[in-house]
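Participant: Take a look at the letters that make up each chain.
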Amino acid sequence: MSVVSNKLAASPTLKPHKSADMFSKLVTLSPRFLLALLILPVIGGLISVLLPAFGYAPVLEHTTLGLHGFTMLMQTPGLTHMGMLSVGSGLISTLLAFIITLMILATFFNSPWLNRIQRLLSPILVIPHAAAAIAVGFLIAPSGMISRLVSPWFSGWELAPNGMFPHDAFGISIILGLTLKELPFLLLMALGVLAQPELGKKLRQQHKVALNLGYCPMTAFFKVVLPSLYPLLRLPILAVLAYASASVEMPLILGPNTPPTLAVAIMHWFNDVDLNLRIKASAGALLQLVLTGGLLALWLGGEKTIKALFSDLLTNGEREYGGVYWQKITTVLTVFVIGFILLSLIGLIMWSVAGFWRFPAALPDQLTLLHFKSALMQMQSPLFNTLAIGLVTTLFAIIITLLCLESEQLSAKPMSRFTSLIIYLPLLVPSIAFLFGLVWLQQLVNNQAAFFNVVFTHLLFVLPYVFLSLASSYRRLDPRFAHVAASLGATPCKVFLQVKLPQLFAPILIAAALGLAISFGQYLPTLLAGGGRIATITTEAVTLANGASRRTSAVYAIMQMALPLIGFILAWVLPKYFFKSAHR
Amino acid sequence: MLANKCWQTLSRYSFCCVAFCICLVISFKSLASTQLQSRWQQVESLGKDQSVYFYAWGGDAQINAYIQWAAQQVKAKYNINLVHVKLSDTSEAVSRVLAEKSANNNDKGSVDLIWINGANFATMSEHSLLLKQWANKLPNFSYTDPDNNPAVNFDFGIPTNGMEAPWGQASLTFYYDSLAIDGTANNTLPKTLNQLLSWSAQNPGRFSYPKPPDFLGMSFLKYALVMLHQQSDDTLKAQLNQLATAQNTAQVLNPLWDFLNKLHPTLWRGGKHFMQSGAQMRRLVGDTELSIAFTFSAPEVPAAVKRYDLPKSIRSYAMQDGSLSNTHFVAIPYNASHAQSAQLVANFLLSPEAQAQKQKASIWGDKSVLIQSTLTPQQQALFKTTQPHPSALPLNSIKRTLNEPHPSWVNAIMQGWQTRFGVSQ
Numbered sequence: 001m002s003v004v005s006n007k008l009a010a011s012p013t014l015k016p017h018k019s020a021d022m023f024s025k026l027v028t029l030s031p032r033f034l035l036a037l038l039i040l041p042v043i044g045g046l047i048s049v050l051l052p053a054f055g056y057a058p059v060l061e062h063t064t065l066g067l068h069g070f071t072m073l074m075q076t077p078g079l080t081h082m083g084m085l086s087v088g089s090g091l092i093s094t095l096l097a098f099i100i101t102l103m104i105l106a107t108f109f110n111s112p113w114l115n116r117i118q119r120l121l122s123p124i125l126v127i128p129h130a131a132a133a134i135a136v137g138f139l140i141a142p143s144g145m146i147s148r149l150v151s152p153w154f155s156g157w158e159l160a161p162n163g164m165f166p167h168d169a170f171g172i173s174i175i176l177g178l179t180l181k182e183l184p185f186l187l188l189m190a191l192g193v194l195a196q197p198e199l200g201k202k203l204r205q206q207h208k209v210a211l212n213l214g215y216c217p218m219t220a221f222f223k224v225v226l227p228s229l230y231p232l233l234r235l236p237i238l239a240v241l242a243y244a245s246a247s248v249e250m251p252l253i254l255g256p257n258t259p260p261t262l263a264v265a266i267m268h269w270f271n272d273v274d275l276n277l278r279i280k281a282s283a284g285a286l287l288q289l290v291l292t293g294g295l296l297a298l299w300l301g302g303e304k305t306i307k308a309l310f311s312d313l314l315t316n317g318e319r320e321y322g323g324v325y326w327q328k329i330t331t332v333l334t335v336f337v338i339g340f341i342l343l344s345l346i347g348l349i350m351w352s353v354a355g356f357w358r359f360p361a362a363l364p365d366q367l368t369l370l371h372f373k374s375a376l377m378q379m380q381s382p383l384f385n386t387l388a389i390g391l392v393t394t395l396f397a398i399i400i401t402l403l404c405l406e407s408e409q410l411s412a413k414p415m416s417r418f419t420s421l422i423i424y425l426p427l428l429v430p431s432i433a434f435l436f437g438l439v440w441l442q443q444l445v446n447n448q449a450a451f452f453n454v455v456f457t458h459l460l461f462v463l464p465y466v467f468l469s470l471a472s473s474y475r476r477l478d479p480r481f482a483h484v485a486a487s488l489g490a491t492p493c494k495v496f497l498q499v500k501l502p503q504l505f506a507p508i509l510i511a512a513a514l515g516l517a518i519s520f521g522q523y524l525p526t527l528l529a530g531g532g533r534i535a536t537i538t539t540e541a542v543t544l545a546n547g548a549s550r551r552t553s554a555v556y557a558i559m560q561m562a563l564p565l566i567g568f569i570l571a572w573v574l575p576k577y578f579f580k581s582a583h584r
Numbered sequence: 001m002l003a004n005k006c007w008q009t010l011s012r013y014s015f016c017c018v019a020f021c022i023c024l025v026i027s028f029k030s031l032a033s034t035q036l037q038s039r040w041q042q043v044e045s046l047g048k049d050q051s052v053y054f055y056a057w058g059g060d061a062q063i064n065a066y067i068q069w070a071a072q073q074v075k076a077k078y079n080i081n082l083v084h085v086k087l088s089d090t091s092e093a094v095s096r097v098l099a100e101k102s103a104n105n106n107d108k109g110s111v112d113l114i115w116i117n118g119a120n121f122a123t124m125s126e127h128s129l130l131l132k133q134w135a136n137k138l139p140n141f142s143y144t145d146p147d148n149n150p151a152v153n154f155d156f157g158i159p160t161n162g163m164e165a166p167w168g169q170a171s172l173t174f175y176y177d178s179l180a181i182d183g184t185a186n187n188t189l190p191k192t193l194n195q196l197l198s199w200s201a202q203n204p205g206r207f208s209y210p211k212p213p214d215f216l217g218m219s220f221l222k223y224a225l226v227m228l229h230q231q232s233d234d235t236l237k238a239q240l241n242q243l244a245t246a247q248n249t250a251q252v253l254n255p256l257w258d259f260l261n262k263l264h265p266t267l268w269r270g271g272k273h274f275m276q277s278g279a280q281m282r283r284l285v286g287d288t289e290l291s292i293a294f295t296f297s298a299p300e301v302p303a304a305v306k307r308y309d310l311p312k313s314i315r316s317y318a319m320q321d322g323s324l325s326n327t328h329f330v331a332i333p334y335n336a337s338h339a340q341s342a343q344l345v346a347n348f349l350l351s352p353e354a355q356a357q358k359q360k361a362s363i364w365g366d367k368s369v370l371i372q373s374t375l376t377p378q379q380q381a382l383f384k385t386t387q388p389h390p391s392a393l394p395l396n397s398i399k400r401t402l403n404e405p406h407p408s409w410v411n412a413i414m415q416g417w418q419t420r421f422g423v424s425q
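Protein chains in written order, with the numbering used here: chain A, 1 to 584; chain B, 1 to 425.
Worth flagging that the hints you see were computed from the coordinates, not collected in a lab. Don't be surprised by glycine CBs; every beta carbon is placed ideally from N, CA and C. Hints may contain errors.
Here are the in silico distance ranges between beta carbons for each label pair [said to hold, decoys possible]:
no.: 1; chain 1: A; residue 1: Ile-47; chain 2: B; residue 2: Ser-51; range: 50 to 60 Å
no.: 2; chain 1: A; residue 1: Ile-47; chain 2: B; residue 2: Gln-230; range: 46 to 56 Å
no.: 3; chain 1: A; residue 1: Leu-387; chain 2: B; residue 2: Lys-312; range: 48 to 58 Å
no.: 4; chain 1: A; residue 1: Val-573; chain 2: B; residue 2: Ser-45; range: 47 to 57 Å
no.: 5; chain 1: B; residue 1: Ala-65; chain 2: A; residue 2: Pro-112; range: 47 to 57 Å
no.: 6; chain 1: B; residue 1: Asn-104; chain 2: A; residue 2: Leu-67; range: 26 to 36 Å
no.: 7; chain 1: A; residue 1: Phe-33; chain 2: B; residue 2: Asn-104; range: 24 to 34 Å
no.: 8; chain 1: B; residue 1: Ser-51; chain 2: A; residue 2: Gly-294; range: 39 to 49 Å
no.: 9; chain 1: B; residue 1: Lys-262; chain 2: A; residue 2: Ile-146; range: 32 to 42 Å
no.: 10; chain 1: A; residue 1: Leu-387; chain 2: B; residue 2: Ala-65; range: 49 to 59 Å
no.: 11; chain 1: B; residue 1: Gln-247; chain 2: A; residue 2: Gly-88; range: 34 to 44 Å
Take the sequences, apply the hints, and build the full model.
Facilitator: Printed below as a string of structure tokens:
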């Protein structure tokens with residue numbers, strides 16, 4: 001059998017087809033293209049920020065290199081505070097999301113509840129950060145849902161009380177928002193790893209063995225499953241950490257502003273009327289880079305320390321660490337998290353149809369479709385832009401990803417560690433640090449093609465997710481189909497198009513839906529690369545969140561959620577009608 | 001006899017001279033006006049059938065709808081495709097033009113027309129980012145009576161030099177929740193700056209202002225500054241209209257810092273956190289967290305009530321001690337791709353038809369910059385008003401307007417504020 005399969009595996013190279021040359025060339029070149037596509041903009045953008053930071057900004061008539069920008073930055077009142085706020089909220093929210101993910105996994109491992117929780121939480125993934133922040137803000141505000149539910153019968157409040165959330169000085173609101181948003185992401189990433197047939201099966205079996213040896217289910221998870229699971233979760237966690245420490249939307253809507261987080265301050269400096277602040281902003285972007293880098297290093301260091309300290313515990317034979325209590329705590333926590341999310345969403349929906357709704361009424365006085373009507377009137381062109389940009393970007397991302405994965409299979413070599421790390425590059429480098437430089441570069445190259453610039457910038461953020469989403473399915477493809485087709489004389493191109501792609505129909509659609517969702521949610525990249533000319537639902541939502549009513553914001557937030565949701569529903573429904581046989 | 005003859009000759013000569021001079025003047029004038037006319041004809045022929053990217057703050061649905069109306073009009077008139085690029089802050093457009101200048105893009109800029117005034121204008125004019133000497137040559141500019149109405153040629157005291165065309169006038173207007181401020185003892189409506197301070201002390205946490213450099217927050221600080229100097233001697237008062245320098249800054253601004261030190265502990269969130277924008281302030285009034293707030297565009301208040309964004313109990317009023325007022329403009333960047341088309345749009349925005357539409361309370365309610373006496377009776381008829389909404393600012397309630405201080409004070413106030421209050425203790 002093995003001899004046969006070896007022969008089959010070798011057969012495509014034995015019978016080279018002239019017509020396949022183009023395709024093979026394309027395929028072999030694609031990984032390099034992918035690398036260039038991801039590295040060049042990020043590095044180029046970073047350099048274009050580096051130069052002004054050291055005083056080189058010809059347009060501001062600064063051409064002498066120096067540390068002027070850093071001196072200005074250091075003199076900023078509250079700089080330490082800003083940095084602490086960024087680092088603190090990033091680290092704590094990631095840690096919380098990670099710990100809750102682990103607790104949920106440990107408690108519900110091998111239980112049908114895990115799937116139910118996944119189903120409840122996965123829609124959160126597609127809610128853009130701005131929309132989530134708006135929803136959370138409404139819940140915890142002094143006039144928010146929680147406060148309304150206890151007023152005035154219990155609290156006696158006729159007017160909204162003086163509260164501290166959101167915008168509290170310690171960033172608790174930011175931490176809350178980020179944790180709730182990152183938790184589903186980490187959980188789904190972990191479940192994705194566990195869904196890999198071989199690894200998942202192995203881990204589940206090992207877990208069962210541990211149970212049979214008398215380990216408490218939670219202990220079994222931490223001692224048996226986690227050590228194999230964690231290495232595969234590391235990059236997503238680092239991406240979450242990098243994002244959380246440098247994001248703009250959440251701190252802008254939920255955070256304090258005396259002072260704000262560093263990333264928000266940098267954005268304000270870049271957009272300030274005083275153009276000389278740009279030099280300070282560039283220096284700030286470098287500081288942000290250092291902080292985020294430091295956080296990532298801290299996390300990796302902490303990981304090593306924990307490994308060193310607790311590796312003995314893995315083999316000490318202890319079966320029970322109060323697992324029953326921890327399970328109860330986790331259940332309560334899970335119910336709390338899901339309840340919190342549901343209440344925010346209910347609030348959002350009520351706001352979108354509310355007439356007058358004065359505090360402390362728990363329900364609106366009247367319901368109206370006015371907000372939807374007026375929003376839909378103005379939404380046509382942003383809606384079109386959102387869809388066009390999302391579709392073009394996602395299509396492009398999927399084609400490149402498929403070609404790269406095909407090249408991996410044709411050359412029979414797995415992707416190098418370097419390449420897999422580079423795919424994460426746009427997620428690990430804070431976007432605030434390189435986007436401004438990137439836009440400047442795009443201006444130099446071509447100014448008028450705003451649509452192209454936006455698509456190109458979105459691609460940086462869409463590509464990693466599409467790649468990660470498709471890679472596991474692609475690598476899992478049974479190679480024997482391809483071998484049989486090739487032995488029957490099919491060219492690699494034909495094998496790729498007619499054998500492999502139909503089998504991948506469902507995963508491709510899921511990846512497309514994910515790509516669309518990521519593209520739909522981009523705020524800063526759209527705004528900067530499009531020069532404000534390209535309005536999407538998300539840019540409109542953030543502008544309106546700053547400028548108009550809670551009701552209109554709610555409508556836009558709902559639209560932001562509805563679009564990706566439609567994508568995922570299509571990705572779920574379509575395979576049931578097409579290529580059914582391939583998807584057993 | 002001789003003398004008589006001499007006199008006759010002289011007077012004949014001088015008559016000829018005068019006649020000649022008059023002819024000369026008239027011909028010059030007509031030459032100039034034909035020049036203007038031909039210039040405008042050229043603008044019209046070059047500017048038709050193109051797109052104009054209008055970068056304007058997009059945070060208000062009413063204003064956005066008005067710009068959409070204007071877009072339809074210029075489409076019908078000149079086949080111009082007016083695209084409203086909605087900004088959350090005008091400085092974004094300033095950055096854009098600067099970035100283009102830095103990339104040596106000197107004639108294909110993305111911004112064609114920009115809604116601007118105050119500090120943003122000062123920055124753009126200082127960095128030579130604006131097209132010069134066009135606004136004063138617009139045909140409709142004459143309706144603003146520029147000779148007798150200097151407000152249209154100065155932006156926060158800085159001469160516009162034809163770099164921007166006036167678009168509207170705004171005054172700082174206050175609004176309050178009449179259910180929260182019920183007129184009982186210690187809770188009567190504050191109508192002066194001092195009353196506001198004592199009211200806020202008695203009702204802590206119910207008032208605040210947007211964090212500088214927000215335009216509305218700065219406006220409140222400027223209103224306070226101007227009011228605090230009402231009793232100052234004239235030389236000190238005059239400093240407000242001059243450049244802020246290292247010498248006069250402390251003397252002028254110290255009364256403001258003293259006032260804010262008293263006010264801040266009584267504010268929303270104890271003055272330790274400030275809202276980001278005027279719209280957020282409005283939302284907090286809707287949430288009943290705040291009981292009193294202010295705006296530069298009075299008609300947004302009744303419009304918000306109609307959209308349910310503010311409760312029915314909201315009422316508008318003007319402070320008795322004075323309302324800060326200013327003019328806002330549209331300008332064309334030096335590198336605009338469609339400068340001629342942008343001039344056509346700017347001229348349309350200045351037309352009696354567009355200004356009257358804008359002034360209607362149901363449309364936008366922004367005060368016209370045109371002077372009624374320059375208009376024909378038909379044009380004046382366009383400006384007739386209808387019955388205002390109960391929460392709208394009653395007609396003629398602004399009794400006293402206060403001029404904006406020199407724009408350099410914006411920066412001085414902002415920096416002073418940032419060092420004193422930017423980082424909460």
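Participant: Hint by hint, note whether the structure agrees.
Facilitator: Here's how the hints hold up against the structure:
no., hint, verdict
1, A/Ile-47 / B/Ser-51: 50 to 60 Å, "violated, 34 Å"
2, A/Ile-47 / B/Gln-230: 46 to 56 Å, "holds, 54 Å"
3, A/Leu-387 / B/Lys-312: 48 to 58 Å, "violated, 39 Å"
4, A/Val-573 / B/Ser-45: 47 to 57 Å, "holds, 56 Å"
5, B/Ala-65 / A/Pro-112: 47 to 57 Å, "holds, 52 Å"
6, B/Asn-104 / A/Leu-67: 26 to 36 Å, "holds, 27 Å"
7, A/Phe-33 / B/Asn-104: 24 to 34 Å, "holds, 30 Å"
8, B/Ser-51 / A/Gly-294: 39 to 49 Å, "holds, 47 Å"
9, B/Lys-262 / A/Ile-146: 32 to 42 Å, "holds, 34 Å"
10, A/Leu-387 / B/Ala-65: 49 to 59 Å, "violated, 24 Å"
11, B/Gln-247 / A/Gly-88: 34 to 44 Å, "holds, 42 Å"
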